[in-house]
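Those protein sequences? They're chains Y, D and L, same order as listed.
Last residue of the first sequence: number 331 in my numbering, and the count goes up by one each step with no gaps.
Last residue of the second sequence: number 370 in my numbering, and the count goes up by one each step with no gaps.
Last residue of the third sequence: number 1796 in my numbering, and the count goes up by one each step with no gaps.
It is possible that some hints are incorrect.
To be verified - In silico DMTMM-like pairs for lysine to aspartate or glutamate, Cα to Cα no more than 25 angstroms straight-line:
no. : chain 1 : residue 1 : chain 2 : residue 2
1   : D       : Lys366    : D       : Asp336
2   : Y       : Lys265    : L       : Glu1633
3   : L       : Lys1656   : L       : Asp1672
4   : L       : Lys1660   : L       : Asp1646
5   : L       : Lys1623   : Y       : Glu302
6   : L       : Lys1623   : Y       : Glu131
7   : Y       : Lys266    : Y       : Glu70
8   : Y       : Lys82     : L       : Glu1625
9   : D       : Lys344    : D       : Asp240
10  : Y       : Lys232    : Y       : Glu131
11  : Y       : Lys102    : L       : Glu1636
12  : D       : Lys264    : L       : Glu1773
13  : L       : Lys1733   : L       : Glu1788
14  : D       : Lys333    : L       : Asp1611
15  : D       : Lys344    : D       : Glu287
16  : D       : Lys333    : L       : Glu1433
17  : Y       : Lys232    : Y       : Asp158
18  : Y       : Lys102    : L       : Glu1485
19  : Y       : Lys275    : L       : Glu1630
20  : L       : Lys1706   : D       : Glu304
21  : Y       : Lys265    : L       : Glu1630
22  : L       : Lys1656   : Y       : Glu131
23  : Y       : Lys82     : L       : Glu1630
24  : L       : Lys1660   : L       : Asp1622
25  : D       : Lys344    : L       : Glu1476
26  : L       : Lys1706   : D       : Asp240
27  : D       : Lys344    : L       : Glu1518
28  : Y       : Lys82     : L       : Glu1633
29  : Y       : Lys275    : L       : Glu1485
30  : L       : Lys1590   : L       : Glu1518
31  : Y       : Lys82     : L       : Asp1646
32  : Y       : Lys102    : L       : Glu1633
33  : L       : Lys1665   : L       : Asp1646
34  : D       : Lys344    : L       : Glu1468
35  : Y       : Lys232    : L       : Glu1485
36  : Y       : Lys266    : L       : Glu1630
Since the hints were derived computationally from the structure, they do not count as laboratory data.
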Amino acid sequence: MDVITIEGTEYKVVAERPKSLTDTPFTYCPGCNHGTTHKIIAEVIDELGIQHRCIGIASVGCSVFSYEFFDFDFISVPHGRALAVATGAKRMRPDSVLMTYQGDGDLAAIGTAETIHACNRGERVTCIFVNNAIYGMTGGQMAPTTLLGMKTTTSPLGRDAKRIGWPMKMSEMLAPLQGAAYIARVSMHDAKHILKAKAAIKKAFRAQLEDKGFSMVEVLSNCNVNWHMTPQEGVKFIEEQMTKNFPLGVYKDVWQEEAAKQTAKEEG
Amino acid sequence: MLLEEYVFAGFGGQGIMTIGQIIAYAGMIQDFYTAWIPSYGPESRGGTANCNVVISDEIIGSPHTHHPNGVIVMNAPSFDKFEPLMAPGGVLVVNTNLSPQRSERDDLSVVYIPTADIATEVGHPVLASVAALGAFAATREVIDDANMEKGIDWALPAHHKDMLEMNLKAYHEGKKAAEAQLKAAAK
Amino acid sequence: MSDERVFMKGNHAACEGAYRAGCKAYFGYPITPQNEVTEYMSAHIWEHGGTFIQSESEVAAINMIMGASATGARAMTSSSSPGISLKQEGLSYIAMMELPMVVMNVVRCGPGLGNIAPHQGDYFQTTKGGGHGDYRLITLAPNSVQEMAQFIYDAFILADKWRNPAMVLTDGTIGQMMEPVDYASMPWMDPPDKSEWQLDEFQEGRERHVLTSIWLDPVDMAVAHEKLIDKYERLKKEEVRYDEYLTEDAEVLVVAIGSPSRVTHSAIRILRQEGLKVGLFRPITVWPFPYDAIRKYADSKRVKAILVPEMNWGQMIEDVKLAVLDKKPVHFVAKHGGLTFTPEDLTEPIRAILKNPEEPNTLWHVS
Ligand SMILES: Cc1ncc(C[n+]2csc(CCOP(=O)(O)OP(=O)(O)O)c2C)c(N)n1
Ligand code: SF4
Ligand SMILES: [Mg+2]
């Protein structure tokens, strides 16, 4: 395998540019995890061989132009409504594979109702939820997922739980809903975790393909620009701060539950 | 030009809406233009519920009837509300089981029918409104009995078709009672 | 009259019109006085191979419709005024992406929670925009149960023909009333082919389809706008629809839509018996509005005045005045709060107008 060096760090080349990406270069800020996240999603889609069955829903946030980068049918929709649009499309085209790509403002603030209800209905759609603890696109305002004490342009003294509550834990909230088939939180802070993230995303799509229910992967991600950090500092912040507030792991796994039930049956 | 404008009024749940729909449907199969509209919302909570029916041989304008020429009142508040609004020459059916008032107007044709008693005798108190409809048909001879009977059948949900015979009986008993009263009054 | 007539509520007939048009998706949220639509859809759309979801809000419903229509399906939602306000966001996106779909507003009284009685306070919202940005909804205004079915059916055809959202604007009276309906004019149909642009699972070997409403470069945005403007101009030329009753010799022209047009019909009959020459002009498309057809009456020597009755404080009258251009007095009869017109509410002003035709524009407040 090839090894390349970016800003002093060595990376193994795991794969070439996936087919499910267009040739359009990413327009995200340098070092931003949005690009890497796109790339692993595209790889998963290639590996599953579902590129030409995918319909993408671009939400409103830094990823508003994600349809420029993914190479399959796409629709760009109002802020927060991605999962409602995905619902309508999936109901009409059950053989299509629906993916929403949403930020924390989109999914956990303005779109909370749509998110919870799509999950609770067990919509056969896959949601990629990029949690960067901030509103990237609009210039660094507080998000529902902003950590306590974190300074943003609308929490200039740092997030204060007394005034505005605590970082919202979407994976923990959605996992108990019976419509959820697969809910996991992953992180983009190093190569090892990126590989884990990819595996989780693959499982999420499998949940949809196997008609199991709603699937979401919460991706802890950086926003160096609005965090006012270098990419290295940002990655470190994810590893040390974000994961402390947002523990990584699988919160719902329908296959595991089914296997447990099966074992219980066999034993009892 | 034929322009029949009815108000059927009573408590919610007395079957008032349904008998309005029955006569409007019967009007349709008799090749008239017909319209039915319920009072809905706060007005139909508690107190009185009512529906308007218009039957005409020409296209119907307003579906609302402000000065009806045919009225059924199934309870006392409905009598107080609608009897004064009636057009001269109109017909009024009063359910005496729940509305003890007497009309003092001499420009109306009024029958006083104990519809609940008739219904109970026929087999079930819920048939009171159908008995009232029968009485109404006796006073206002616009829709044929055969079409009314089809209307009663149409309004019965599939799982209540066993009630058809009883409904038809209530209709005809109500009609008989009104005819007897009209005959006596004519003498 | 055909023997095929069935006796139904307006709100139910609208659903039947939708089924016949090939509607395969209905998503909605309960609100009076249109609950019958949501309920009827939940029970029957399955029989026609369609899907129903009671959404968590009107916001979600309109976005689900966006998704369904993006895949090429015929889809509709419905609500009443407060819920239609919530759908405005979605409608704006749908209009810019040129997604065909149908939305019905069974208007109730506002502003705020108002009440559930019939009203016409949403005329401006519907015909002058509603959501953000410059867009238009093709809007049909039925005044009978027959038209509830027919106009939903027609709205699907128009929406697909023009790739534009279409609205059926009606009121509580028309939604709640029962009348005979004849479906002979609504043969069962399938939607037209939309494979040119729809999102689907058969993408191998074709250009991918992208639906979007964002063009950051103002020059590009202007180009996108011009496509819409051009479409709207053609719509204004080709799709104006209206209905007339005894207008050939009318000296007073009443312009009305929805349930007030029904009451106008009754009032005209009374006045004609008195020998008074009154006619009804009823816009069927309130967007595009029949300006030219009304202007002809304003130009006619015979017509002395125009009267507009509305269940609001005066909305459609502004379009009528744009058509009349001060050539004739335009009188207004207002009934609002959820009160409905009686024929007398109209006969009295019309008699007064005919007695004194030189009287300038008058507001007749009859509530
Ligand atoms: C109705 C509406 N309100 C506000 C906005 C402005 N807006 C655009 S993106 C955004 C926040 C995006 O944050 P997030 O979803 O976290 O995505 P990120 O940019 O961080 O990836 C906001 C508030 C909008 N487009 N629409
Ligand atoms: S603003 Fe933040 S989230 Fe957006 S592209 Fe830049 S670094 Fe990424
Ligand atoms: Mg964010």
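Status of each hint after checking the structure:
1. About 29 angstroms separates the Cα atoms of D/Lys366 and D/Asp336, which puts this hinted pair outside 25 angstroms; it is violated.
2. For the proposed pair Y/Lys265 and L/Glu1633, the alpha carbon gap of about 22 angstroms is at most 25 angstroms, so the pair holds.
3. Among the hinted pairs, L/Lys1656 with L/Asp1672 is inconsistent with the structure: their alpha-carbon atoms are about 30 angstroms apart, more than 25 angstroms.
4. For the hint pairing L/Lys1660 with L/Asp1646, the CA-to-CA distance comes to about 22 angstroms; that is within 25 angstroms, so the pair holds.
5. Under the criterion of a C-alpha separation no larger than 25 angstroms, the hint pairing L/Lys1623 with Y/Glu302 is inconsistent with the structure, at around 48 angstroms.
6. For the suggested pair L/Lys1623 and Y/Glu131, the alpha carbons sit about 22 angstroms apart, so the restraint of at most 25 angstroms is met.
7. The hinted pair formed by Y/Lys266 and Y/Glu70 fails the criterion: a straight-line CA distance of about 32 angstroms is larger than 25 angstroms.
8. Proximity of Y/Lys82 to L/Glu1625 is assessed by CA-CA distance (about 23 angstroms); at most 25 angstroms being required, the pair is judged to hold.
9. A threshold of 25 angstroms between alpha carbons decides the hint, and for D/Lys344 with D/Asp240 the separation of about 31 angstroms lies outside it, so the pair is violated.
10. Straight-line distance between C-alpha atoms of Y/Lys232 and Y/Glu131 comes to about 30 angstroms, which puts the hinted pair past the 25 angstroms bound.
11. At most 25 angstroms may separate the alpha-carbon atoms for a hinted pair to count; Y/Lys102 and L/Glu1636 meet this at roughly 21 angstroms.
12. Proposed proximity of D/Lys264 and L/Glu1773 is supported: the alpha carbons are some 20 angstroms apart, at most 25 angstroms.
13. A threshold of 25 angstroms between alpha carbons decides the hint, and for L/Lys1733 with L/Glu1788 the separation of about 10 angstroms falls inside it, so the pair holds.
14. Annotation: proposed proximity of D/Lys333 to L/Asp1611 holds, straight-line Cα distance about 19 angstroms (limit 25 angstroms).
15. At most 25 angstroms may separate the alpha-carbon atoms for a hinted pair to count; D/Lys344 and D/Glu287 exceed this at roughly 41 angstroms.
16. Proposed proximity of D/Lys333 and L/Glu1433 is supported: the alpha carbons are some 16 angstroms apart, at most 25 angstroms.
17. The suggested pairing of Y/Lys232 with Y/Asp158 is violated, with an alpha-carbon distance near 31 angstroms, which exceeds 25 angstroms.
18. Our distance criterion of 25 angstroms between C-alpha atoms is broken by Y/Lys102 and L/Glu1485, whose separation comes to about 33 angstroms.
19. Straight-line distance between C-alpha atoms of Y/Lys275 and L/Glu1630 comes to about 19 angstroms, which keeps the hinted pair within the 25 angstroms bound.
20. Distance restraint check for L/Lys1706 and D/Glu304: the Cα-Cα separation of roughly 56 angstroms exceeds the 25 angstroms cut-off, and the hinted pair is therefore not satisfied.
21. Only pairs whose Cα atoms come within 25 angstroms are accepted, and Y/Lys265 paired with L/Glu1630 is accepted, the gap being roughly 19 angstroms.
22. Distance check on the hinted pair: L/Lys1656 and Y/Glu131 sit about 22 angstroms apart at the alpha-carbon level, within 25 angstroms; holds.
23. Restraint check for Y/Lys82 and L/Glu1630: the C-alpha separation of about 17 angstroms stays at or below 25 angstroms, so the hint holds.
24. At roughly 20 angstroms between alpha-carbon atoms, L/Lys1660 and L/Asp1622 fall within 25 angstroms of each other, so this suggested pair holds.
25. Annotation: proposed proximity of D/Lys344 to L/Glu1476 holds, straight-line Cα distance about 24 angstroms (limit 25 angstroms).
26. Using a Cα cut-off of 25 angstroms, the hinted pair L/Lys1706 and D/Asp240 holds, with the two alpha carbons roughly 22 angstroms apart.
27. Distance check on the hinted pair: D/Lys344 and L/Glu1518 sit about 48 angstroms apart at the alpha-carbon level, beyond 25 angstroms; violated.
28. Pair hint Y/Lys82 plus L/Glu1633 holds up; C-alpha atoms about 13 angstroms apart against a cutoff of 25 angstroms.
29. At most 25 angstroms may separate the alpha-carbon atoms for a hinted pair to count; Y/Lys275 and L/Glu1485 meet this at roughly 22 angstroms.
30. Restraint check for L/Lys1590 and L/Glu1518: satisfied, since their Cα atoms lie roughly 23 angstroms apart, inside the 25 angstroms limit.
31. A distance of roughly 28 angstroms separates the Cα atoms of Y/Lys82 and L/Asp1646; the hinted pair therefore is violated under the 25 angstroms criterion.
32. Using a Cα cut-off of 25 angstroms, the hinted pair Y/Lys102 and L/Glu1633 holds, with the two alpha carbons roughly 21 angstroms apart.
33. For a cut-off of 25 angstroms, the pair hint linking L/Lys1665 to L/Asp1646 is broken: about 29 angstroms separates their Cα positions.
34. Taken as a hint, the D/Lys344 and L/Glu1468 pair is honoured in the structure, with Cα atoms around 23 angstroms apart against an allowance of 25 angstroms.
35. At roughly 21 angstroms between alpha-carbon atoms, Y/Lys232 and L/Glu1485 fall within 25 angstroms of each other, so this suggested pair holds.
36. Distance check on the hinted pair: Y/Lys266 and L/Glu1630 sit about 21 angstroms apart at the alpha-carbon level, within 25 angstroms; holds.
Hint compliance for this structure: hints 1, 3, 5, 7, 9, 10, 15, 17, 18, 20, 27, 31 and 33 are broken, all remaining hints hold.
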